[in-house]
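Novice: Protein sequence lines, in the order shown, are assigned to chains Y and B. Residue numbering for the first sequence follows my numbering, beginning at 42 and increasing consecutively. Residue numbering for the second sequence follows my numbering, beginning at 2 and increasing consecutively.
Misleading hints may appear alongside valid ones.
[To be verified] Okay, derived cross-link-like pairs now, DMTMM-like style, lysine to aspartate or glutamate, Cα gap no bigger than 25 Å in a straight line:
1) B:354 / Y:62
2) B:354 / Y:55
3) Y:100 / B:365
4) B:119 / B:106
5) B:428 / Y:172
6) B:181 / B:53
7) Y:100 / B:85
8) B:284 / Y:172
9) B:690 / Y:89
10) B:119 / B:65
Source of the hints: derived by calculation from the structure; they are not laboratory data.
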Amino acid sequence: MAATACFIIVSRNDIPIYEAEVGSATKREDAAQLHQFILHAALDIVQDLAWTTSAMFLKAIDRFNDLVVSVYVTAGHILYICELSSISGDSVDDYGGRGAGGLMIVNSGSCMILLNPLYLPGSRIASSHFDTKVRALARKYL
Amino acid sequence: MEPDVSIETSCMIRIAVLPIGTVPPTLLRDYHSMLLRHQTIPLAAISPFYTEHQKSPFTNQPWDSGSLWFKFVLGGAPASPWEDFQSNRKILAVIGICHCPSSPDLDSVIEQFNASCKGYNSAHVKRCFAFSPCDSHLEDGEKKGDNLILFPPADRQTQEIHLLTMMQDIAASLLMEFEKSVLKAESAGTILKTPLDSQASLSSEEVIKAKKRRLARAQKTIGDYCLLAGSPVDANAHYTTALDLARLTTDYFWHAGALEGSVCALLVDRMGQKDAVIEEEVKYRYNNVILHYRKSFIQDNAQRVSPLSFELEATLKLARFLCRQCDIDIGKRDIASGQSDVLKKRIKREMAKDVVDLLTSAADGAKSLIDASDRLILYIEVARLFGTLGYERKAAFFSRQVAQLYLQQENRSAAICAMQVLAMTTKAYRVQSRASISKHPHSNKETGSCHADGGRMHHQSVVSLFESQWSTLQMVVLREILLSAVRACDPLAAWSAAARLLRSYYPLITPAGQNGLASALSNSADRLPSGTRCADPALPFVRSFQAMPNPPFRLYSFPFHSSQMDIIKRNPGREDWWTGSAPSGPFIYTPFSKGEPNDNSKQELIWIVGEPVQVLVELANPCGFDLRVDSIYLSIHSGNFDAFPISVNLPPNSSKVITLSGIPTSVGVVIIPGCTVHCFGVITEHLFKDVDNLLHGAAQGLVLSDPFRCCGSVKLKNVSVPNISVVPPLPLLVSHVVGGDGAIILYEGEIRDVWISLANAGTVPVEQAHISLSGKNQDSVTSIAYETLNSALPLKPGAEVTIPVTLKAWQLGPVDHETAAGKSASGMGRHLKDGSSPSLLIHYAGPLTDAGDQSVVPPGRRLVLPLQICVLQGLSFVKARLLSMEIPAHVGEKLPRPVSVETNSTKGTVVSENKMDNLMKIDPFRGSWGLRFLELELSNPTDVMFEISVSVQLENSSSENSRSVDKDATEYGYPKTRIDREYSARVLIPLEHFKLPILDGTFFMKDLQSDGTTSGKSSGFSEKNTKAELNASIKNLISRIKVRWQSGRNSSGELNIKNAIQAALQTSVMDVLLPDPLTFGFRLVGSNSEQAARFDLPKESSVSEGSVLAHNMTPMEVLVRNNTKEMIKMSLSIACRDVAGENCTEGTKATVLWAGSLNEITMEAPPLQESKHGFSLYFLVPGEYTLVAVAVIDGANDILRARAKTGSPDEPICCRGPPFHVCVTGTS
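Excised from the complex, chain B in its bound form (with noise of 0.2 Å):
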């Protein structure tokens, strides 16, 4: 069989184009290629080279419109057994070509040529073409006769009219040389023979049967011969004669042959038209071919050879036919109507079924083929016309089948061509290298725009991705591919297929066989040079990774530091310029924003150039060894990036996030497709996209695997990879906490200064800076020092600034508590919450305008500063009351040391005397000695001790009995307190000095109103007013209590317990900061001075010194105060009661002898005025004895029931006073 076989086939003369000498092959194809232009030649252009020697048997030929073919058979042909029976099989003429430079001895040429014309017996014309001579070649080459033809260095155009010439002569010669021929079959009585009919001895009957035939074989001869001279009307009426003969003898073959050759003639006579008429004919005609050569099949000599090559030729050239007619025909009607594609397709359709049955059959025929090489030109034949029809599939299966007929034969230019025939079958069952694809631009255009799409991908789409995937054919085709290219030694081929191999379809490879793979990979890296770059990526899988949410590419500077550099536009009009950035405005959505990009698919990232950035990708190695990834690094085509490759091993079905860093060198844009990867010795490029597609297929069930899913991985969603563009370079402020960058461990309440250092890594100079606090617990950032930071402005590149902030540590939630104990139990004992710590956010900007554009003004960035606050829990507040304490005063001039009262919270400190004093107070207007402390108690639960300091501050405008203090000392500060670890303890802290002088009513005017009774004494406003007065006071008198802790030499704060002090207040506070309406106040009338007992001056009262002598009257006077503005009626009674308690001026058992009225003595006390009422006492006993007052108001006010928190008005209203200690001792 023979290839590119059609019905035309039978008219071509074939001219064998031998290389003489050493013809290099790009010159040898061109010199073909020269001659394919002259394969027609016109009869009419033949004619002058023509000269007729005898009549010429052609009588009908057309000199006018025909033609002689020829087909160039580059380097020759053996000749063939059937050359007697279709003498377009013979080799008629020999063309050698030489090119004159390489082989310079134009003798060896001549004598080259001529052996290898030896070889081709029926060769009648030979000439040798030699191109390029020499001067010299040209003198002597005229001498060599008619053979070597020497064409003379020229241009193209030159050339190739010589070679037409040359050409024309040989098609002259060579119809001269047929007509001979013809002439000489006429006459002669040569016997033709084929394989078919030559094989045992003739017997006498055979001889005769042959002599029959000789005729007829002799008239389809003849016939050939005029279908080679051009002259299809010759070769009909000799066809006619000999089929009418062959059919007599029925020699079937012949018959075949001959029939064969006049449907040749026919279409070449009709040659150029188009006819319906014509197609019926040669469809029936050939089908008689068919049948015909089917009928001259020969059980005998069946095994050595059978004319079943002739009839799949047939079939293959009908095939043929009809498949040309089909385009001709759709060609046709689509000039005339311009038909949609539907008809086309159906007038395709229509014709493609009668060709897909002779193809069938065709390839039915292969098996009964004897010869391997038929079957394999038969396989070629058949892939070739599917290919035609559009039946790729169809192609690519029969492809296959050649390729399996290749691989059949062991040697390398079979593995070759197996190789190359696999690697068209690719596209059909969707394995294209990628390489491949890439030349092909529609496929460009289809990738492109799916990654213009932006991720978001519709089913139907994400299905065409998918489509075909028939993964066992396409793991065969690739497994034959890298077979067969291990075979032809292509190392690179072999690897693309392996990568091909192993990235798509690792779930259905067994662990040996990825591991074979995997060696067949290093194996052909081996063979090839480092370096080398290949289309298709095997492993790992990389896909861009989101680490954080926002964004997804991180920018660092600095190895230890990282942090989030945003770059914030620039207002230049405006002096806060950073604030138009953010999405500014009291609606969380603004339908304005609506139309802008604002989803997170297409973010914009601004990239600086200089500094380096870092990408996050994650890698998967789903396979079962280990994968060692030499180098990967960013793949960026737009040049303006530096990436820095790193290396990294992949376990066994692993996956791994790394970062992949580089530095953008220019302004511009900066595309990231995928990585570059150098892995199994070959340098890839692994692109995002494929990976997200591949992903997205796995999500909808149409893959078999997500590689890092089954690696482990967490699900993410797709991240598409944001524009990036990159500006030019801007400061960069680079923050770093003076002392550590470890999180500032703080207890509760702590104060502390940090120095945060900031210096400049840019190289531009930052001009504007702006601080700002963000975050939670603001209120712990105390003090920022901006004028520090204003000062140092222009901060330029290199230089640096520190800046002092106070921090003061926020107070622990009761969750927070929690999470702290249970880390202190894990042994953690810190516990840093995310997102509890206040941010700096330092906006700064370089110069406003850029040197090379003004217009433009460079963008400001951010420096986000989170403070690494980690607060642990300190002192613990357990609860705070109001402890009053009322020491009894000592009637006479000697008043107790305030020391023998002090608490137990001042033990065995020291202090100043004039402190300590300060604790103790005589209440002016109660006239005892009276304590009240806010009692706090704390626990330590940590692992510390502390140091409580309580300190009051005094000011001395505003505290309404600053005449009772020291008005010198602001502040009163107490002894310290020491709480050992996992210790309470309980801080005192003094409440004094807050009472107000007058008992007014607008205190009360609340609770009057609650009570529905009306005073209508005061207006709303007033109320409001003193109402705020009065919590003014309570504020300001708890803003005054500091409560100060210290531990270690560095930790100190405060402790914020306003809110504990405040509930503990709120209860009493009346009781603290309200006078009583009556004050009582005992003193002996005698000798000393009255100063002595006058209580209101504590000082004084230190000193006097004062005692009753029993048996002895002594006469003594109560006073009285009246606290409030209005005159009160009362009636006063005075008690005298021993020390167990007992009433010694009454009962039988008197101790204690009275003169004047101790008992409802009527008394009225004009408003903040003092009333007397004397008397005397003679005490029996010495002893100690307690006076106390009581009186009971009449008539009282609102007021006084207010503070005396009475309900009903009958109720009387008792004020008693604080008892008064005597002293009473003996005489005796």
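Just chain Y, with the same shape it has in the complex (with noise of 0.2 Å):
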């Protein structure tokens, strides 16, 4: 079962929107980079893979160490990124498919504020009512 997991939103041009940690493992500052390292370097291999599958969600596209990384490609390229740590051999397929209906629902809560026309794209997610959803489904799906 996953223990920690780095959330993040990645708009179009590579620029992260929204950022969350969410997981039951105490934070630690240099884990929490290494996170974010590993997503950022995920970003190549994303973009190339997305092009030469139909399929939208992406599991674990990429790791390293234990640290698996699987994402959720719009159609609008606007990537859906989730990390998670200590998985399980079995567990890895078993998360594939809540996270992907986890991402989906988190995909329909951003759309609603990537719609609006006061959003600019590219800006960061700053509405704490989002934060929150998400941090709901990550306790429910992960």
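With the hints as a guide, bring both chains together as one complex.
Specialist: Written out as structure tokens, the structure reads:
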């Protein structure tokens, strides 16, 4: 089972517009940084892979040590990147189904924000409502 | 593990390159690079040096096409424990490099070389190359033996040929040695061991097993040598045998090794051929290799030694092979059909997936690696391969891992490595130092285009400026660079990293952290030589600041005087050369000028050589520490500008607008990209463009914070730096008001002369000059001495001219009064409202033609000299009204002295009698002493005293009743009235001499028409004419009244009360101006001359003295004068009243007896003539009596009606004369 996860929404032009550190594990600063570094590096792979498949949910697309990166790519190339640590072998598959579901719900939430005419593409999502929603979903699906 | 491995590594002969003696590093690098040209030696070239001592074991050696490969290991390497397993790991030759001039003793060189060679047991060939020997070296070098090879000084080409020969010799020697080794390996019973199986003492079973395996291992080793000798076919044969044998003995490790060798042999054999089949084969075999290496993993000795590194190496080799294949693939297809980028990308993508999988699994292996340096190499290799794949971010990630491993080693060289590796990641993380960006031509171009856009950026381009803003990562990377730079003792890199960190991420750093960075900056600067420059700016943020809307750059010349000096294009063909410069024409918007670059963003600014200029910039320090900017000045690269540095202190979280100045030194274009700042001990250049972009991003919500707004600075529109061109020197007029440059404080209506001094501070004479006015209240400048200026031209440099200008302060409006009141309440007492003062525009220009260039007319200039007039509220006008009074005239010869009716305004003042007389006039048409005063009520709200003097100007020619005035006097002065502060007073202005002689119908035309009756007498033209005449005479009247005031010694002025007078007069202008139709007069018909009572000559009348005696019949006559042009019929009545106002002639108690008719006297008065009616009175009682004549006009015409203001034609028109006093004295 996942102990901790880092969740980032990356807009086009590789601008992170939302970041959340979810999960039960105690937060360590260097670990949090590592998560972000891994997610940032995974963008390279996502960018290539997203064009080779019709699937939107790219499960376990990249990994570093025991940290696994999964991505939900929207049609508009906004990436929902989730990185989980401490996944045991079988729960990756298990996670795949649930994670995709969770990310789709997050997508519906973020669509509302992105469709807001006052939202400027590329700027950060600062809505606290969205944040609580994401965290609640994380508890539910992870 | 070894760095930079590939499948072909197996066929490379390792040669250690050792410096012998002291070799300067640059030369060593140079010699090494010469060696590197000879990495591949074709077998065909070796053959001259090769002698076949015995039958060669390499039966299938391709002498015509094959070659030997060298791998030069600079500095050598320690022997690897895996040498037996892979022969290519052995150092098979040693080349010493000696630089003769620095180590002249050849003997010791040889000694040193031999000593160095001792470490390389497996080296078959040893040569020492001595470069640049002198003649003596060459002489005795011959004796030193084969190992020492002297390269006589020659040109590079000759040396290279020499070197090539030597390398071919070495290659041949090695080939012969390989033959020997192969023969030895085949025959001798040497046991080949690896660290994997040399652990414990061998049990008997193990010994047997090892013996069995020996054959396979020997075959594999022979295969290795065959590969090294450039004979892949032989190698393949041996490897095949080895594979079979190893499989039998389950020697997985050696099996994998042999397999690896066979792949290499395959590739070498098919060198240069590209074939999908081969690729598949290689992939298949290498996966096998990896599998077998994995199989060879033995749990027992996993702690000590593991084949994992071989597995990882094999993975990396395969990955590198696939990468290279991918590139070749793309290149080939490109040549074939010119495929588009999309297709290229697709090929790469397909290939990349395999490579990424391999690399990911290789990276996974890192944590199982025992040796830290192995992990380091692994990460380096993974990063490099990701880099070749184009995965920048992946490469950066692993590079950072490498840097972290380096940082774990606590030594300086590791820290330097870490720093360098991190510096490579900065591009992917977008935290590059500007130094590295500017080297990159592409990014340079990009920024250039941004600049050309002139600040107007689309959202997309703004976003692209801030893309990949992973602030957390960027901060971490920068912090690590800072840390490694500090450890590596590279103060400049540390400074740069700290500067980037502080500048870009200050909002995310705690104040303590900011302080830490600040101290890091200053610590680094302490180690740097003073005057060090760094490409990355730290604090403060600098932006070009627009203080005034236009222009943002102000010129100044003298420190105390700042005025605008515009440069005006000169139109040489016209007298008024400045006119064409400003947009002219009736339209505000001219369609023809639309295409011109008229917008503010592209302003053109002209600077003049030698004249100091100022640029306003704003600095911001958003951090929590005091920032001391040691010096800041404009950074201008064009070299024609001398900038003056200044130093600034910025408190925490503050911003400051400062003026930076400088002098343009030569003609050309000046571009101000930013400022050069010396702060934290290092000189940096701060570009305005960067901050503009940042602010733009902040406005869009893409950047964390706006440094200026968080410092409390006002938000401003982006100001783009205008295009500035420097022109040759022009004349420069400097103006100041003589007597101080402060505001000229004037009371309302005050008239004052000011002197404006104009000095030419330029180096060119002023040849043309023109003064004009602009702005509000232009009429307050009543005169300018143009002649003075013109006569002073040409004004030489340094010359000065003083021009007197007369000012008259304007009236304050009601709003001004309020503000003035408000200000005076707050103690200011004065107010200077912007824009209400007029400005003097002085257009001036130098010589028409420049000395150098005849065709170009140098521009002129404009000096805008705002007259800072501060108008204070002066005397305020409360109201005006017309007062009229009549003083009855005495019937008789003696008239009362006029002095007795002086008004209070003249009381106590000493005025000449003559003038006093003029105040009182007998109204010649009314026959009484008539006084009409315009009473002005004035209040003095100020805190000074005012003195009012009224004067009436008389115009001799135009006055209709000039006969009654003193013709010599042109002006009447009246005594002064003094109004103390906060008092009000009334000033009386006598209105006299202003009657028309004839009551004419034309004055009433308007009234008649409005009544609906038509006169039919006058045409419209004459109507208008006479109306205008009347108006003109009113105006004339008003304009002749001047109310002057004086306050203190210097202030004097005139009250502007024309409107007030006009308003006051408007209602009663008819009464004032028009004579009555009939005037009456009484006189005694007695002994005295008739003249005594002729009242139309006041001077004479003043001497007449007459009285009436009681109980005497007194003959009198009444004079009726007709002032109209028509005959008037009337019935006249005369009444006599006593002091109490009782009628004395009628009733029971009549005290006056009379003879002749007093009532209902029918008279006719011819036009403009007098009629007389005589009568006599007998006064019974002495005392004062009053005689009044009343006439009722019969058959009055329209004019009379209009004059009497009667409505109905039936109403009788009554004319009443003024009362006449009769003083009756008693006889007893």
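Novice: Take the hints in turn and mark each one as holding or not.
Specialist: Cross-check of the supplied hints:
1. B:354 / Y:62: Violated, at roughly 29 Å.
2. B:354 / Y:55: Distance ~21 Å between residue 354 (chain B) and residue 55 (chain Y) Cα, so the pair holds.
3. Y:100 / B:365: holds, 18 Å
4. B:119 / B:106: holds, 21 Å
5. B:428 / Y:172: violated, 31 Å
6. B:181 / B:53: Distance of about 11 Å is within 25 Å: holds.
7. Y:100 / B:85: violated, 44 Å
8. B:284 / Y:172: violated, 47 Å
9. B:690 / Y:89: Status violated; Cα separation ~34 Å.
10. B:119 / B:65: Violated - the C-alpha atoms of residue 65 (chain B) and residue 119 (chain B) are around 36 Å apart, more than 25 Å.
Checked against the numbered hints given earlier, this structure breaks hints 1, 5, 7, 8, 9, 10; the rest are met.
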